[in-house]
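Colleague: Heads up: the protein sequence lines correspond to chains A and B, in order.
In this text, residue positions in the first sequence follow numbering that gives the first Met the number 0: the first is 0, and each later residue adds one.
In this text, residue positions in the second sequence follow numbering that gives the first Met the number 0: the first is 0, and each later residue adds one.
For the record, the hints were derived by calculation from the structure and aren't laboratory data.
Computed from a prediction, not measured in an experiment: that's the story for all the values here.
Be a bit skeptical, because a hint or two may be false.
In the BS3-like style, the derived pairs of lysine-lysine whose C-alpha atoms are separated by at most 27 angstroms in a straight line are [said to hold, decoys possible]:
id, chain 1, residue 1, chain 2, residue 2
1, B, K292, A, K21
2, A, K26, B, K393
3, A, K26, A, K1
4, B, K58, B, K45
5, B, K396, B, K162
6, A, K20, B, K292
7, A, K23, B, K26
8, B, K292, B, K133
9, B, K55, B, K396
10, B, K58, B, K72
11, A, K44, A, K184
12, B, K112, B, K133
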Amino acid sequence: MKAVYRSFGAYEEIPVLPLLKKRKLFKYYNRESMAAVLVADGFLKANPVPGDTAFFYASAEVENYSVFRDIYDRYLQSGMEEFDAAGYIAMTPPQSQFKMMRNMVSCFISIENELRGDNNIIVDSASALLYSAITARTESEVLLGAGFLHYDGSVESGFALARPDELLHNPLLGTDAPAIEFFRKCQ
Amino acid sequence: MSVVITGIGACSPLGCSFQESMETLRKGLPCVDDIENLDTRGFPVKAAGEIRRAGKVVKTSREIDRKIYFFDKALEQLESTTAFRERYRADQLLLNIGGGVDYFDIETVLQQKSFSPGAGHHKMASDMRGLARKWGIAAGSHIFASACTASAQAIGLSFRMLKRGLAGAIISGGSDSMISYTNYLGFCSLGTLSSSSDPSPFKCKPCDLESSGTVLSEASVAILMENSGNVPDNVTPLAEITGYGCTMDAMSVTDPDPSGLTAAKAVRAALEEASLSPDDIDCIHLHGTGTIKCAPSEYNCLREVFGPRIDSIPVYSMKGQVGHSIGACTAVEILGVVYSLQNQVVLPTVNFRTPNPAAPFRMVTEVPLEIPVRNILKLNSAFGGHNTALIIRKWEK
């Protein structure tokens with residue numbers, strides 16, 4: 000198994016934009032996407048994979064927090080004190096919805112690296128990530144990834160290439176451990 | 000040994016039990032109307048499929064995350080009809096559920112005039128783990144979130160795990176509610192909702208030339224999946240899952256690949272796993288959202304697999320009747336698959352009137368089409384480019 004794990008501080012720049020093939024999608028990125036696409040880029044350049052490689056990705060639970068914070072801040076700035084639907088639509092760009100959708104990180108990585116194979120998007124769980132990889136209909140290596148965007152804006156990102164049978168007895172199976180734990184342990 | 004579905008607990012616009020859902024499907028009653036559970040002043044669109052019991056919307060207070068509340072009810076139904084807790088030890092039971100965006104209670108947060116980490120934020124995965132503990136499920140609690148294919152991926156993984164003997168029984172399915180301010184208005188801003196001038200029950204028109212967008216909805220569906228060898232003699236499975244395929248377009252964050260070629264690979268993978276040829280498929284239950292780009296893409300995908308025969312295979316979309324519950328849509332649409340298999344019919348697609356030359360499917364209208372239905376292809380796709388295909392067979396011992 001080959002793996003990579005990186006973390007970025009709350010205010011640390013994540014220089015992903017110059018690497019992007021589809022720069023127009025950058026407006027949909029949050030800090031988890033930036034970190035994940037950057038780390039995946041380096042990992043897959045060092046370890047190229049076929050386009051039909053299975054790719055499973057897990058985000059952490061607090062990913063939606065930053066979008067909710069943005070919504071609340073916009074309300075404060077507008078002076079509105081109660082919820083107002085028309086105001087919400089006027090203040091909330093469509094990008095916010097994309098930033099809330101948990102499958103976008105995987106979507107960006109797939110687009111950038113032309114990954115069109117089997118896939119799954121997991122919330123939080125290392126166990127679900129590993130079971131997805133173990134049961135993939137392939138004997139080749141599968142790509143696993145996870146991100147963890149913390150409340151303060153710091154972010155962790157990890158990727159691994161592993162054969163399904165290498166994961167079968169992993170102690171994180173059946174536990175409530177977050178997926179990023181798998182990559183922290185790979186350091 | 001086969002992977003079978005032996006019970007379904009369901010709260011959806013079709014009703015709040017499996018039997019009520021089947022009855023609403025039989026009657027073809029529209030389940031979409033103007034939203035009742037939210038104050039919709041200022042909404043540009045007000046149509047939605049809300050969870051109903053005996054035809055009436057089930058209302059909840061704003062502090063409640065409906066996808067958790069109703070999934071609890073669906074588990075309660077499932078336990079009462081299948082006794083899964085008596086039949087399996089806690090460490091043999093696993094939860095694999097498709098979900099959606101977390102619920103954000105924005106009204107309460109604004110009233111409190113402060114924002115702190117976690118304020119108003121109902122975390123789906125944590126809450127689902129709580130439900131798993133409550134219902135004696137201890138082998139794992141897994142939540143999937145690929146938007147409109149989340150529950151298909153949950154069911155697909157469950158199928159694969161059971162086939163490999165990695166769990167005793169799995170409660171799969173999906174639970175999602177788009178009827179909240181952030182979810183509903185977020186989708187309004189994406190421009191994906193129906194702009195039809197028709198009244199709300201008629202706004203979602205899958206595969207119709209005059210389709211203009213989808214209508215959001217909500218559903219919580221718990222599906223008990225197990226190996227046929229573990230099923231007691233007095234229980235007849237509702238259906239058998241025989242194949243699953245999944246691919247990624249890797250093309251756009253919003254639109255499906257218009258060629259349908261990557262989705263076709265998912266269909267072929269599912270057929271191969273089920274050891275079937277395209278000729279063995281009797282009818283197709285589409286994703287059929289009612290958005291302008293969905294139907295041509297699905298048609299091109301299926302034409303790639305089935306060739307000219309696609310024009311004669313009867314197809315169906317449930318979304319005209321119930322709307323689009325995003326993370327729960329495949330799970331609720333499994334009810335339609337089971338209806339087709341049990342009654343040997345293809346149901347009419349509610350609100351379909353005018354054929355679309357870009358997607359000249361054989362739609363069923365007015366009355367159910369009676370044909371032998373043994374193998375159904377269930378197709379779904381998602382924002383972000385995920386494509387899933389499930390093959391579901393009539394249970395035969």
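Colleague: Against each hint, give a clear statement of whether it holds in the structure.
Modeller: How the hints compare with the structure:
With a CA separation close to 22 angstroms, the supplied pair K292 of chain B and K21 of chain A stays within the 27 angstroms bound. Restraint check: the Cα-Cα separation between K26 of chain A and K393 of chain B comes to about 46 angstroms, which exceeds 27 angstroms; the hinted pair is violated. In summary, the hint linking K26 of chain A to K1 of chain A is not supported, as the alpha carbons are separated by about 31 angstroms, beyond the 27 angstroms threshold. A distance of roughly 16 angstroms separates the Cα atoms of K58 of chain B and K45 of chain B; the hinted pair therefore holds under the 27 angstroms criterion.
As the CA atoms of K396 of chain B and K162 of chain B are separated by approximately 17 angstroms, the hinted pair is consistent with the 27 angstroms bound. A hinted pair counts as satisfied when its Cα atoms are at most 27 angstroms apart, and K20 of chain A with K292 of chain B qualifies at roughly 25 angstroms. Distance hint between K23 of chain A and K26 of chain B is unfulfilled; the C-alpha atoms sit about 47 angstroms from each other, more than 27 angstroms. Pair hint K292 of chain B plus K133 of chain B does not hold up; C-alpha atoms about 42 angstroms apart against a cutoff of 27 angstroms.
Under the criterion of a C-alpha separation no larger than 27 angstroms, the hint pairing K55 of chain B with K396 of chain B is inconsistent with the structure, at around 39 angstroms. Distance check on the hinted pair: K58 of chain B and K72 of chain B sit about 14 angstroms apart at the alpha-carbon level, within 27 angstroms; holds. Only pairs whose Cα atoms come within 27 angstroms are accepted, and K44 of chain A paired with K184 of chain A is accepted, the gap being roughly 22 angstroms. For the hint linking K112 of chain B to K133 of chain B, the alpha-carbon distance of about 34 angstroms lies beyond 27 angstroms, and the restraint is violated.
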